[in-house]
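Number of protein chains: 2
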Amino acid sequence: MAESPKSKSQGPGSKAVVLRRAALTSQLSTFNYFLGLDLGGTSIKAVAVTASGAKLRQRSVPFVDRDMEWAKKIRALVRAWRRELGEPAGIGLSAPGLAAKDARSIGVMPGRLLGLERLDWTDYLDSPRPIPVLNDAHAALLGEVWRGAARGLRDVMLFTLGTGVGGAAMVDGHLLRGAIGRAGHLGHVTVDWNGPRDDFNTAGSLEHFMGNKYIRERTAGRFASTHELVAAAERGDAEAKVIWERSVRALGCSIGSLINVLDPAAVIIGGGIARAGAALFGPLERAVRHHEWQAGGHQAKILRAELGDYAGAYGSAANALGFNPAKG
Amino acid sequence: MAESPKSKSQGPGSKAVVLRRAALTSQLSTFNYFLGLDLGGTSIKAVAVTASGAKLRQRSVPFVDRDMEWAKKIRALVRAWRRELGEPAGIGLSAPGLAAKDARSIGVMPGRLLGLERLDWTDYLDSPRPIPVLNDAHAALLGEVWRGAARGLRDVMLFTLGTGVGGAAMVDGHLLRGAIGRAGHLGHVTVDWNGPRDDFNTAGSLEHFMGNKYIRERTAGRFASTHELVAAAERGDAEAKVIWERSVRALGCSIGSLINVLDPAAVIIGGGIARAGAALFGPLERAVRHHEWQAGGHQAKILRAELGDYAGAYGSAANALGFNPAKG
Numbered sequence: 001m002a003e004s005p006k007s008k009s010q011g012p013g014s015k016a017v018v019l020r021r022a023a024l025t026s027q028l029s030t031f032n033y034f035l036g037l038d039l040g041g042t043s044i045k046a047v048a049v050t051a052s053g054a055k056l057r058q059r060s061v062p063f064v065d066r067d068m069e070w071a072k073k074i075r076a077l078v079r080a081w082r083r084e085l086g087e088p089a090g091i092g093l094s095a096p097g098l099a100a101k102d103a104r105s106i107g108v109m110p111g112r113l114l115g116l117e118r119l120d121w122t123d124y125l126d127s128p129r130p131i132p133v134l135n136d137a138h139a140a141l142l143g144e145v146w147r148g149a150a151r152g153l154r155d156v157m158l159f160t161l162g163t164g165v166g167g168a169a170m171v172d173g174h175l176l177r178g179a180i181g182r183a184g185h186l187g188h189v190t191v192d193w194n195g196p197r198d199d200f201n202t203a204g205s206l207e208h209f210m211g212n213k214y215i216r217e218r219t220a221g222r223f224a225s226t227h228e229l230v231a232a233a234e235r236g237d238a239e240a241k242v243i244w245e246r247s248v249r250a251l252g253c254s255i256g257s258l259i260n261v262l263d264p265a266a267v268i269i270g271g272g273i274a275r276a277g278a279a280l281f282g283p284l285e286r287a288v289r290h291h292e293w294q295a296g297g298h299q300a301k302i303l304r305a306e307l308g309d310y311a312g313a314y315g316s317a318a319n320a321l322g323f324n325p326a327k328g
Numbered sequence: 001m002a003e004s005p006k007s008k009s010q011g012p013g014s015k016a017v018v019l020r021r022a023a024l025t026s027q028l029s030t031f032n033y034f035l036g037l038d039l040g041g042t043s044i045k046a047v048a049v050t051a052s053g054a055k056l057r058q059r060s061v062p063f064v065d066r067d068m069e070w071a072k073k074i075r076a077l078v079r080a081w082r083r084e085l086g087e088p089a090g091i092g093l094s095a096p097g098l099a100a101k102d103a104r105s106i107g108v109m110p111g112r113l114l115g116l117e118r119l120d121w122t123d124y125l126d127s128p129r130p131i132p133v134l135n136d137a138h139a140a141l142l143g144e145v146w147r148g149a150a151r152g153l154r155d156v157m158l159f160t161l162g163t164g165v166g167g168a169a170m171v172d173g174h175l176l177r178g179a180i181g182r183a184g185h186l187g188h189v190t191v192d193w194n195g196p197r198d199d200f201n202t203a204g205s206l207e208h209f210m211g212n213k214y215i216r217e218r219t220a221g222r223f224a225s226t227h228e229l230v231a232a233a234e235r236g237d238a239e240a241k242v243i244w245e246r247s248v249r250a251l252g253c254s255i256g257s258l259i260n261v262l263d264p265a266a267v268i269i270g271g272g273i274a275r276a277g278a279a280l281f282g283p284l285e286r287a288v289r290h291h292e293w294q295a296g297g298h299q300a301k302i303l304r305a306e307l308g309d310y311a312g313a314y315g316s317a318a319n320a321l322g323f324n325p326a327k328g
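Chain order of the listed sequences is A and B.
If you're matching positions, the first sequence starts at 1 in the numbering used here and goes up one per residue.
If you're matching positions, the second sequence starts at 1 in the numbering used here and goes up one per residue.
I should point out that these hints are in silico values taken from the structure, not numbers from a laboratory.
Each pair may be met inside one copy or between any two copies, as identical chains are not told apart.
Calculated pairs, PhoX-like style, for lysine-lysine (alpha carbon to alpha carbon, straight line, at most 25 Å):
{"no.": "1", "residue 1": "K301", "residue 2": "K101"}
{"no.": "2", "residue 1": "K327", "residue 2": "K101"}
{"no.": "3", "residue 1": "K327", "residue 2": "K55"}
{"no.": "4", "residue 1": "K55", "residue 2": "K73"}
{"no.": "5", "residue 1": "K327", "residue 2": "K301"}
{"no.": "6", "residue 1": "K213", "residue 2": "K241"}
Please put together the full structure from these sequences, using the hints given.
Shown next, in the form of structure tokens:
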């Protein structure tokens, strides 16, 4: 996919020559890198990587969500890297919301990041090649399959446990997008149909039982974060133990259901709550085995995500370079 | 994909010539048909169709599940159609169980249809071309997308409501198979995590609340079939109404969850219980809208399956001719 940038003007003072000179003075392999961008809620993550995934640069840029500051900061970062590294062989971008069918923008993202909906990133970043846009969770999964915990796999579910519970799924090597780009919202499945409906209309959802945004509601105001809850449970607080065990059971039960729907070889767990480590993965392993249909003796692996906050940026780069496990 | 059959022996009495003569005397378009076979629990459904899906023949052959009677009857039927119609341009087959990765057999099918596991259908039916094998629900969905209720769609969920609750899913035009071929077991998702675990280890599953196999358990022995239950509910029996409403709510709630996971444009409902008609589809429509995340105003269509008992046979033929909505 890598190719040299072309310019109509080739004179010694032209933009192309200046760019090329800047690149040649760098010690990096020029014109042969991919730029992955991931727009989060409070920061932008960016990586510059080779086609084989070797990291050349990595940056996190915080922003305040007003006046499209995030967009301007992305543009500034891309300009700076173009100057330093030359024109990338491809740029990919991910962001919250549902990616449009033509993959040039986020089509639906109500409530925050005003200006993101239908912003055409190929135009906005003056890219000579189309910039494919992915939903952030879709990108994180693609990143984990390309260079993270799910390397070499074709059937994978990802859960990101944080404020909410996000997710993404790949089946037979295909990253699931769906009719309007919402496939893989794995946090919005019912475990208790008598429970309250969440922001997505889902009754007693996994997100309700596991997401940080519902922790006060779930704990009668006792805990402000899952981190606090887990710490209390580890100290032996009986009430905290019961609540945390219920959270883990909700996740195990949901994974059990979705194994029947998506048939993964591995389930990747990421997000801030995954930092609970053994306090999560120990009981989760047991809960999954309890609810899992082990057809022909098969057990889905439960793995911790490896790329952390940069999974989406890696996935965006993978998407830009056309990484596709279905063809592998 | 259609091509003429070839034979090393071309003499006037050769098998090829006899076959060809038989075919020429038929009024049907010869050498240009596909044979779709679907092995069920008590009968074999077969269709001979053109590449555009026009039906040339259709047959249902009952069998008793002993001594591989089903296999012998399939072989006899294929022989008869080869004699009458000539060699098909392709044969496809579907059956219960999980299809093997190489698609030449059913890899896992414990408990019944003894002899089905790892039976290589290409060899068994002496086919000059590989016979692709699909799980029966996968085939039914492919059939409905090719020639039934989901024509022209790429994002579809299918539920078959009968003894159990089966299903299949297509996302972005890809029929989901998964790591061991079990993707799309949509009946085995939890709606009530406090409910009993079903045969697949799933707590309080959709199948538990909707499948005929659990109806005695669900109704304290009062009803022997969903048909009886729905008839009683329609006569105004208060207890039957409550039980049936709960079944429909379980289905609506599961569809709501799985819309977030698979993002279908349409949900197809088939199987014997779908014959309940308005008694099912009226309340189901309301239950789905109640639980559905209508992102950007999107509503998934709820449609009744169109191909009935022959969906799997059509899907097997579609699979043999290489029908693939992802490429469309």
